[in-house]
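Engineer: If you read the protein sequences in the order shown, they are chains A and B. FYI, the numbering for the first sequence is 1 to 935, going by the UniProt record's numbering. FYI, the numbering for the second sequence is 1 to 935, going by the UniProt record's numbering.
By construction, these hints were calculated from the structure, which means they are not laboratory data. Among the hints, erroneous ones may be present.
If several chains are the same, the list does not tell them apart, and a pair holds so long as it fits within one copy or across any two.
Said to hold, decoys possible - DSS-like cross-link-like pairs, simulated, lysine-lysine; straight-line CA separation at most 25 angstroms:
(1) K814 to K785
(2) K601 to K699
(3) K612 to K647
(4) K821 to K45
(5) K282 to K699
(6) K875 to K699
(7) K701 to K636
(8) K282 to K45
(9) K289 to K45
(10) K505 to K785
(11) K814 to K609
(12) K559 to K101
(13) K296 to K490
(14) K821 to K612
Quick caveat, the model's predicted, so the values are computed rather than measured.
Protein chains: 2
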Amino acid sequence: DVPTPTIFTEMDTLQREGDELEWKESARWVKFEEKVEEGGERWSKPHVSTLSLHSLFELRTCIQTGTVLLDLEGYSLPQIVDDIIERQIEEGMISPDLRDKINFVLLRKHRHQTKKPIHRSLADMGKSGSSCSEYSFTFYQGSSCHAQSRSMNDIADAPSPDQLRNKFMKKIPRDAEASNVLVGEVDFLNKPFVAFVRLAQATTLGGLTEVPVPTRFLFILLGPQGKAKSYNEIGRAIATLMVDDLFSDVAYKARDREDLIAGIDEFLDEVIVLPPGEWDPKIRIEPPKKVPSAEKRSQFIPNCGGLSEDEEMPVQHELGEELAFTGRFCGGLYLDIKRKLPWLLSDFYEGFHIQSISAVLFIYLGCITNAITFGGLLGDATDNYQGVMESFLGTALAGTVFCLFGGQPLIILSSTGPILIFEKLLFEFSKNNGIDYMELRLWIGIHSCLQCFILVASDASYIIKYMTRFTEEGFSSLISFIFISDAIKKMVGSFKYYPINTDFKPDYVTTFKCECLDIFLFFTHFLHMSTIVQSMWMFSFYCATLNVTALDWSQLSKKECLKYGGSLVGNSCKYVPDLALVSFILFFGTYSMTVSLKKFKFSRYFPTKLRKLISDFSIFMSIMTFVGLDMLLGLKTPKLIVPTEFKPTRPGRGWLVMPFGKNPWWVYVASFVPALLVTILIFMDQQISAVIVNRKENKLKKGCGYHLDLFWVGVLMAACSFLGLPWYVAATVISIAHIDSLKMESESSAPGEQPQFLGVREQRVTGILVFVLTGVSIFLAPVLKFIPMPVLYGVFLYMGVASLSGIQFWDRIKLFMMPSKHQPDFSFLRHVPLRRVHLFTLIQIMCLAVLWVLKSTFLAIIFPVMILGLMVIRKMMDWVFSQHDLAWLDDLLPEKEKKKKDEDKKKGKEKDKDKDKEKKKSKAEYSDEEVDLPV
Amino acid sequence: DVPTPTIFTEMDTLQREGDELEWKESARWVKFEEKVEEGGERWSKPHVSTLSLHSLFELRTCIQTGTVLLDLEGYSLPQIVDDIIERQIEEGMISPDLRDKINFVLLRKHRHQTKKPIHRSLADMGKSGSSCSEYSFTFYQGSSCHAQSRSMNDIADAPSPDQLRNKFMKKIPRDAEASNVLVGEVDFLNKPFVAFVRLAQATTLGGLTEVPVPTRFLFILLGPQGKAKSYNEIGRAIATLMVDDLFSDVAYKARDREDLIAGIDEFLDEVIVLPPGEWDPKIRIEPPKKVPSAEKRSQFIPNCGGLSEDEEMPVQHELGEELAFTGRFCGGLYLDIKRKLPWLLSDFYEGFHIQSISAVLFIYLGCITNAITFGGLLGDATDNYQGVMESFLGTALAGTVFCLFGGQPLIILSSTGPILIFEKLLFEFSKNNGIDYMELRLWIGIHSCLQCFILVASDASYIIKYMTRFTEEGFSSLISFIFISDAIKKMVGSFKYYPINTDFKPDYVTTFKCECLDIFLFFTHFLHMSTIVQSMWMFSFYCATLNVTALDWSQLSKKECLKYGGSLVGNSCKYVPDLALVSFILFFGTYSMTVSLKKFKFSRYFPTKLRKLISDFSIFMSIMTFVGLDMLLGLKTPKLIVPTEFKPTRPGRGWLVMPFGKNPWWVYVASFVPALLVTILIFMDQQISAVIVNRKENKLKKGCGYHLDLFWVGVLMAACSFLGLPWYVAATVISIAHIDSLKMESESSAPGEQPQFLGVREQRVTGILVFVLTGVSIFLAPVLKFIPMPVLYGVFLYMGVASLSGIQFWDRIKLFMMPSKHQPDFSFLRHVPLRRVHLFTLIQIMCLAVLWVLKSTFLAIIFPVMILGLMVIRKMMDWVFSQHDLAWLDDLLPEKEKKKKDEDKKKGKEKDKDKDKEKKKSKAEYSDEEVDLPV
């Protein structure tokens, strides 16, 4: 069963141009129909061919009564036409005297509608004038307003330059063969002349087809005059049949006329019928997002209502073999390495793509903003033991190592909130108890690293399996909300940092000032200036004083003034003009420009490639635009400032922390306990982010490595502790942004086919570049200092909002505000009553609200652990919701089928204990999954 | 030929609930199909019924072989069922022992899917728990999670409360009759039991139907087990057929089985077929915007390819009888009055609608902003002879009179640019030549008024007929561009008016000040302060001076300082903080919020009515929001200031201008010449705006009155001249905004049907209210003073942009940026080659560019006259473009058919000289036009 080639169909109709007859291309099909707009001299948009039932039945009759030549040896059109006519005469269907006339008609020139480059058609506009309007239409070779034509006489095997030049070729698969449909009315026939020909070999028949694709099928319909429209419809019907996957199979394999007719009947059985009163046949139907594959269609039993919905349950929640419990020491880690190793080379060369540049720029900016923010906060929390410098170095080190060796290099490591709080508490504890912070921290890091190794060795990541969509989406939305609220908080903060003077009256500008006064003067000033008399006295005194010291004070800046004990007097002292508002404009502008540019991909303007480029670089372009605007305005907005010197933030600490000497010995042991908390924290944070990144929706092909990831996070824990750098763990939102910026879509092949999401550019290059760039940011400071912070907050807001989209939880929240008749056709809404959906969502919202409140207290430290609480709540929901509802809204917990699976496995093991074969099986399962994705 | 009632179809399927059998509603049709989502316990969205060809053929067989009872006398379901079974037994189709079983099954309870109020289902969520999930489903009466059910035994004529309570009733036309489809599988039959019943009278059969609609048709299909899906499909097929306009006609009129079968065959002939490989049958097709009417469908000859496009030419450009040349003295005016008089009463009572409130607020704000802007400019231009006060009064007077008596009360009168320029030139001329401006102006007004009367009396508005889409759209886009550019110019102006201090450093706030110094001090200050020594000397001097005069100077405001000869010294004097940026935020915010709220109508959130309300009040809500924001910030943004006292702006001029006494006698005569210019200017401006307002697309029903409009404009010219108020003429953009805010849409009747644009709320109330409000704005000043000007500029920007949308010219400009495959399916693109379209657009753009340039020179005064130039260019385009292309892109000029029409008219006159009949004929033509609108 060799797969049959794809078929390209061209339909030409016989037309009279002046005195000459010619075949003019009127439509073509790769998968969908494209019609030549008569007046517009252009191709229509690809659309679904809407046929009339009548034409299908007429076609059936045509095949029944006409000539069917299967596997004809044909090498040129004249010979083929001769053979057809001969057969018809033999069978007594036409009289021999028609031979020449039919021959003449069938060998007329073919004129194709070829796409012309736009610059040419623009240049044509002036000169062509009205000479080639529809009314005064004369055909001349090479006319500037006509498409190219070719004479039928040059039957060359080699395709003509016109054919080769046709750009449409790239839309046709390489193995394609052509099927040519020729229909027309002539005056010499009194009954239709019909022929269906299949050639033994696909042959290029000169200029018959617009593209250099060899012809395999030929359908000819010539008929008496007056029924041109009907012939046209029959031609469209056979053309549509020829591009149908199942019928083309039939056409290739048919042994006789009856097979073809059976094929048509099969097609008719499957056909979808629209009632004439509910649909306007003039509407061209846009190609659907997805069409059923030929395999699925052939499974249908048409009699049993193939039109009813799929009643099957949603695909089972399955995290793949990555999380299987091996039961062997380091079994998971071993499998992870074994799984990832073969991809190592491709992990590098697949990174070289234009899209990577935009991804690197985007994620880099996110990372350094994060590094600066967390660095600043850590510096405050630890009295500069760890500051911005350490944050940069640590990010660069940890990120590079993880992206080089980690199991899932798409994950971006970063400082996270819980770690920050832990460090804060730890520092306070050591300070209060006279323990050396850095040494204690080192020991916690070492313990934690060892604990991670134990978790790795025992395949403990296995428990992530119990995390369903409920937990996963809850966690990621919470993180997104935190991102959004942080971005907005920072923005609002700038209104507090740069207060606006709302009392300012432009005309009274003279009364607004801020002066630096000596503290003594300040008091006298205020105490005595109240009455005129006193003020007169004061003034002379004031002047006298000024005479001595004024020159010093008035030249001082605000900070200096306060430093030297002066007082700021005046009604504009506590206000800063413009900066808050400009910050807001930059923040909001960056955000909304990014959103609009992202959406620009779906607009109608500009060619697809340009739009894709704009969409890919949307964040970069918005940042550039608003950095430009900021430079243009020239205001002193807060800028991104990175450290420029390579030295620890706190003077007096070195780059290496020594493990012994500063703390008593029991601290080394006791640090096991806080290390346990850190380990749980890191384990949960890391693995949940990993699960979100490894989501099935992302269609990752290279597999992941939970155990390997955790191993490296442990190693980095220890390394960072020795170097006195912050600890790092997977950052959900930035990792999602990383994935989003690396998504691939198919270049749609057939015109009208929707581009399919193919997966993510899985490689290590972007990650490594991001972190190397972060490391050398110290040298990039002169460039980075132009970037205003509000622009970066805008990027953060965008990241938070973007990572919310595509989350089912978020879709369900939106349902609350929609009347049920306007709700989108989600599959779970078809199967679960709305009130159950709402109840599920409400529970989820309440959980998140509780977590949000806890997060704002000191409990934030155990925040990732609370995810375990979410998993418990999910377990309890088994009592409230039926398994059916949960299967649609969430995933089922694995226990339910554990037994069955275990049994299956036992059987499997008995039969075949060979590991390799088992692996192959699981791989096959994996690729199966990809196909059966629930959308 | 009485029209047959609309049919509502309900399909019930036989289901086993626990031990009991019952009929459960599974789908319903008003025009489109709504399905009960099994799991979701909800109605699906209305969609086009996609049928399988197989089911249609099976249905045909069913009707052929089953029982067909036409005009059965039926009063209750048991009796009808009895009759059917009796007939089947008579015909030997079933054995008599099945009678009881079939009877039992057919009289089971019917359970309907009724829509529950949302608050109830929310309340249910908690208590219902998992008890009514799909797995543990037991039926109990009045269950909170089930729809209501009714026993079949209470066969009441009066509808039950459940039926009456059903809100779905309002979606069903009043005259509707029901058709009930019952399908199911039973275990006691071995071949299908089929019956098609038409009752002699429509009868309410108890709880058979979910709504209290009497049943006329009944289709029953019971069959052996195992083919439920197939029965379902057959049920859907007959249900779809029953709601088909043509088939339902057949069903009502059928005399026998053959008629029904012929009806099915007819349906099959018209059916639209989608190939299975190009369409997924699972996709529910949204109802189209428009379906072909039954009349059009019956005209189709299916054999000749009913699927091909309409090849006819677009509907002819026709401005209606309003612009016909009567050839009689005041003939047009007489017809105008005659046409408008019958609507006078409805012009008032039709104005009372919630939509009017939003329209009045929107247009009112537009009008007063315009009045203030033009008032200010006029004041500058005429040395306050006409100022803001006159502008307000004049707008109120002219607007009110025009809306009360004008031919097209939707037109809003306003000052326009050309008039402003004319007044400016006139004032300069009079000043330079020692002529009294107000008296000269009065005479020009009188002459112009008389000239208008001559134009009215001679039906001169007739020439507007030669204005095609080219001219009309050119003019209106130009005006829109001017609006947009003015709004942006004003916005940019505020950055000049409130310059931002880009050198400001927050820390050096102490060095920024602005002081008012005595002019003498200022100089010494600058000349001598350069060296320290001198400064020491200066300082004592300075202090001494200050001692005497400082208290005066430092307390002065900027204006006062300059007034009293002081100098402003300091680096913050020429800057104003925040105001420019806040203005920008207010401007842009108002604009974008209005745009988003307008779009909100098409979102999925909230019920349709609320969304419509939000969309209608979008401008008002945006203004309120940003006025609120402005108040919250409390900054001194520029506010709307209306005069509060009723007196002429220029002291010394009275409210009445006397015609004689100040100028020599020849001025009275010579003013005829400038009056001529004013008249042409007013005529063009007024009538083009009127044509744009009266566009066919607006579906105005009450006709218009070009002559009547011009008459009143003339009268107002004279009146305003006597009162010394500005002259008024129709304002295009505000008039379009007025129309847009009064658009009506049908409350869609059948579920899924698109609401149709019905027309505009044509009345005089909104216009009158707007202008009365403008008149009393003097008293509204305390409220209006809170509105910042930038908000109003934002509204102007929105008005300009909104009036561009829906203009074909604008659509064609956008085509330049779209690759041809992404271009929308405009009908002109199907018929005219793209390069011709582009050429046409380019010519139009060039014309507008030339006009734009001219507008910026003193030639602006003859700006409306230049529209005549556009008409000439349009005439010349007849040589460049074929009539075919022009018919699609523009309209044909009337000459082409003038001859034919004239001949027609002559014939008509010969036959029938009665005026009234002629009028009736033209009215019929008019209403015909409405139907044949090209969309």
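Engineer: If any of the earlier hints don't hold here, list their numbers in rising order.
Structural biologist: 1, 3, 6, 7, 12 and 13
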